[in-house]
Amino acid sequence: MAVRPSAIWHHQVAEQARAVALGRLTHANASLAHRYPDDLISRTDTALAAFEAEIAGLPRPAPPVAVLTAVRHVLGALDFLAPRLTDTTCETVERAQLRAYVRQVIAEHDATPAPAPRAHLHSA
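If you read the sequence shown in the working numbering, its first letter stands for residue 1, the second for the next number, and so on.
You may find that some hints are simply not true.
Claimed, not checked - With beta-carbon atoms standing in for the labels, derived distance ranges: (1) P64 x L40: 28 to 36 Å; (2) P61 x V93: 28 to 36 Å; (3) L25 x D110: 40 to 48 Å; (4) P63 x L25: 48 to 56 Å; (5) F80 x A53: 16 to 24 Å; (6) R72 x E108: 16 to 24 Å; (7) G23 x D79: 38 to 46 Å; (8) A21 x P64: 44 to 52 Å; (9) A7 x A107: 13 to 21 Å; (10) P61 x R24: 46 to 54 Å; (11) V65 x A107: 16 to 24 Å; (12) H73 x V3: 17 to 25 Å; (13) D79 x D110: 25 to 33 Å.
Treat the hints as calculated values from the structure; they're not laboratory data. Glycine residues also receive a C-beta, built at the ideal position from the N, C-alpha and C atoms.
Let's have the full structure, built from the sequences with the hints guiding it.
As structure tokens, this is what we get:
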């Protein structure tokens with residue numbers, strides 16, 4: 001099952017908070033709560049849950065336009081992340097996690113778009 005990036009981020013924040021509580025990490029070095037605030041995690045999780053539901057509701061094989069529409073919907077819902085992902089220190093990681101998640105959800109729900117019909121070439 002695809003693990004939502006928001007769940008990964010929540011887990012990382014919780015682990016870092018435990019490390020601070022145990023004295024293994026200083027507050028000054030604990031940056032993940034700032035990087036992944038609760039509101040960001042919650043909004044991302046809501047968008048990804050809606051995407052999962054939309055993909056799960058598609059017929060099999062899924063019409064390519066329906067899959068692309070679902071992807072557009074989740075991208076629009078995640079648009080609030082854009083200003084945050086311009087920081088190169090986190091851009092690559094989060095974008096890669098989100099891309100992998102979208103691909104995995106599509107694959108798990110067997111919603112890969114049906115191949116387009118191929119034109120038959122006839123030899124003269």
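For each hint, the structure was consulted:
1. One distance hint, 28 to 36 Å for the beta-carbon pair P64 and L40, holds here, with the actual separation near 31 Å.
2. The hinted range of 28 to 36 Å is satisfied by P61 and V93, whose Cβ atoms lie roughly 32 Å apart.
3. At about 42 Å, the CB distance of L25 to D110 agrees with the hint of 40 to 48 Å.
4. Between P63 and L25, the C-beta spacing of about 49 Å keeps the proposed range 48 to 56 Å intact.
5. As the Cβ distance of F80 to A53 is approximately 19 Å, the hint placing it in 16 to 24 Å holds.
6. As the Cβ distance of R72 to E108 is approximately 20 Å, the hint placing it in 16 to 24 Å holds.
7. In this structure the supplied range 38 to 46 Å holds for G23 paired with D79, their Cβ-Cβ distance being about 39 Å.
8. For A21 paired with P64, a C-beta distance near 49 Å keeps the hint of 44 to 52 Å intact.
9. Restraint check, A7 to A107: a C-beta distance of roughly 18 Å satisfies the suggested window 13 to 21 Å.
10. Between P61 and R24, the C-beta spacing of about 50 Å keeps the proposed range 46 to 54 Å intact.
11. Between V65 and A107 the beta carbon distance is about 18 Å. The supplied range of 16 to 24 Å therefore holds.
12. Checking the proposed 17 to 25 Å range against H73 and V3 shows it holds: the Cβ atoms sit about 20 Å from each other.
13. Separated by about 28 Å at the C-beta atoms, D79 and D110 satisfy the suggested range of 25 to 33 Å.
The structure meets every hint from the earlier list without exception.
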